[in-house]
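Novice: What follows is the residue order along each chain.
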Amino acid sequence: MQELTNNALMLKVKSGELDKLGLLYERHKKRLFGFFYNMNNNASVSEDLVQNVFERMLKYKHTFTGEGSFTAWMFQTARNVNYDYYRKNRIAFNQIDVTAVDYKMEASENTDKLLHQKDDVKVLNKAMKLLAPEKREVLVLSKLKELKFSEVAEILGCTEGAAKVKAHRALKDLRAIFLQLETR
Amino acid sequence: MEKEKFEIWMIEFLSGELDEKGQQEFLNFIENNPEHQEEFNAVSNTWEGIDAFDIPEPSKKMDDSFFDMLHLKVENQESPKLDWFQKLSSVFNTIQKPQLAFGMLLLVIGLSVGYFLNSKPDPKVIEVGNVSNTETEQVREQLVLTLLEQPSANKRLQGMNEAAKLNDATERVIEALFTTLNKDQNINVRLVAIESLAKYADTPVVRMGLVKSIALQESPLVQLALADLMVALQEKTSIESMKELLQQPDIDNTVKQKLQESINHII
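Note that the protein sequences, when read in sequence, are chains A and B. Here this note's numbering is used: the first residue of the first sequence is 1, the next is one more, and so on. Here this note's numbering is used: the first residue of the second sequence is 1, the next is one more, and so on.
Do not take every clue at face value.
[What the hints assert, rightly or not] Straight-line Cα separation of at most 30 Å, BS3-like style, residue types lysine-lysine; simulated pairs:
no.	chain 1	residue 1	chain 2	residue 2
1	B	K61	A	K129
2	A	K148	B	K5
3	A	K30	B	K61
4	B	K73	A	K14
5	A	K30	B	K73
6	A	K145	B	K3
[Stated by the list, open to error] Estimated spans, in silico, between C-beta atoms of each pair:
no.	chain 1	residue 1	chain 2	residue 2	range
7	A	D48	B	Y115	57 to 65 Å
8	B	A101	A	K12	22 to 30 Å
9	A	S15	B	E57	27 to 35 Å
10	B	F67	A	D84	18 to 26 Å
11	A	G16	B	E48	29 to 37 Å
12	B	A52	A	A132	18 to 26 Å
13	B	Q24	A	L23	34 to 42 Å
14	A	V45	B	L111	56 to 64 Å
15	B	L106	A	L58	39 to 47 Å
16	A	N42	B	E48	40 to 48 Å
17	A	T159	B	F67	19 to 27 Å
Just so you know, the hints here were simulated from the structure itself, not pulled from any lab data. Backbone N, C-alpha and C fix where the C-beta goes; we use that ideal spot for every residue, glycine too.
Can you make the complete structure from the sequences, with help from the hints?
Specialist: Written out as structure tokens, the structure reads:
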């Protein structure tokens, strides 16, 4: 129902009722901000990028057909905005070769207990920053409660099964980095 | 079980896409498969750990910038004319000021030269005016002649009015006016004819015609009007005509008295 309303609002924006974009902004600003913040850990930049998403939605409103999910369309736009931001600023990602990291499954019991502790969340956050952007992106999108995997797949431009596999592997890579940071 | 299928299944379990039955099925499966149990334990806490990330609230500044942007877009959409004007203004703004000033100066010089050239009288225009006036006179003259021939006294009076508007009467008009003065059945028309002819009293032919007309008039009002006109003109040749009129047996006493006074005035 919520999606239908979102779609209806966006169709009104498309037909010229630009002020309806204000309602969509109020509904989605936090999750968009969260998406960008998880991607770049910079609140100020994230706020600018949220604004860019809505400007771009206005600019390309004619491409919204109302047939698919509005949220998926919005996050596709957000993904493009994020990609352009990195490209324009030529930001180098800190990537580590996760294939070289031992998964250390045997250490899981101890580490899992610690994970809920504050320090471990910080380490996990740090590990997230070290994760490759495309994998980080998959995880951030997968964690959005409002998005089904079918929509995540739509955003990523792949099949639903492929999106799930990507999410799983990104999660394993994140854990590997986390463990590596823990053992240092 | 294939690795990929298990990965998909696990993510479905973690993301809450499985129903209750599906979840139980998954838990039973990993319980019976220790190698998958290990992998599940390893990633499930990481998955939940992501939720614990601290994400700050976006500031009010973000709201302000967004609504400023939206307001601007809505305004631009509502006033396309202004937008067109702004575009035009921006074109003019690109013109550098010295160039604009020079252009304005040239325009002023051009206008001044044009004004002085136009202020000289144009002979062709005057000629056209004369031609136009002559044509009007001719038309009016024709109108007078036509109206004086009309059976209606009103029309003939209208003809007299038109005759009064003529700047200079031609022989045909004078002749028509005298015909009216001497032969018209309506006294009012004859009286107006006297007024019209008085305008051309400087002409000897007209004066002579007026003098002759005195003896031809039978109406006392017309006779009195002519007597007054003769006094005003101090026309001595009219005395004979007036004396001739005095000798008529059926002359009105008032007219008789007036004619004698007029003769005395002229002498």
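Novice: Each hint should be assessed against the structure and marked as holding or not.
Specialist: Now the hints, each set against the structure:
For the hint linking K61/B to K129/A, the alpha-carbon distance of about 26 Å falls within 30 Å, and the restraint holds. Taken as a hint, the K148/A and K5/B pair is honoured in the structure, with Cα atoms around 18 Å apart against an allowance of 30 Å. At most 30 Å may separate the alpha-carbon atoms for a hinted pair to count; K30/A and K61/B meet this at roughly 14 Å. Distance check on the hinted pair: K73/B and K14/A sit about 13 Å apart at the alpha-carbon level, within 30 Å; holds.
Our distance criterion of 30 Å between C-alpha atoms is met by K30/A and K73/B, whose separation comes to about 22 Å. At most 30 Å may separate the alpha-carbon atoms for a hinted pair to count; K145/A and K3/B meet this at roughly 26 Å. Between D48/A and Y115/B the CB atoms are about 60 Å apart, so this pair conforms to the stated range of 57 to 65 Å. Between A101/B and K12/A the C-beta distance comes to about 50 Å, which lies outside the given range of 22 to 30 Å.
For the pair S15/A and E57/B, the beta carbons lie near 33 Å from each other, so the given range of 27 to 35 Å is met. Checked against the hint of 18 to 26 Å, the C-beta distance between F67/B and D84/A comes to roughly 23 Å, which is consistent with it. Distance hint check for G16/A and E48/B: the Cβ-Cβ separation is about 45 Å, which falls outside the suggested range of 29 to 37 Å. At roughly 22 Å, the beta carbons of A52/B and A132/A sit within the given window of 18 to 26 Å.
Hint check: Q24/B to L23/A, Cβ distance near 41 Å, so the stated range 34 to 42 Å holds. In this structure the supplied range 56 to 64 Å holds for V45/A paired with L111/B, their Cβ-Cβ distance being about 59 Å. At about 45 Å, the CB distance of L106/B to L58/A agrees with the hint of 39 to 47 Å. About 25 Å separates the C-beta atoms of N42/A and E48/B, a value inconsistent with the hinted range of 40 to 48 Å.
T159/A and F67/B have their C-beta atoms about 39 Å apart, which leaves the hinted 19 to 27 Å range violated.
The structure is inconsistent with the numbered hints 8, 11, 16, 17, although it conforms to all the rest.
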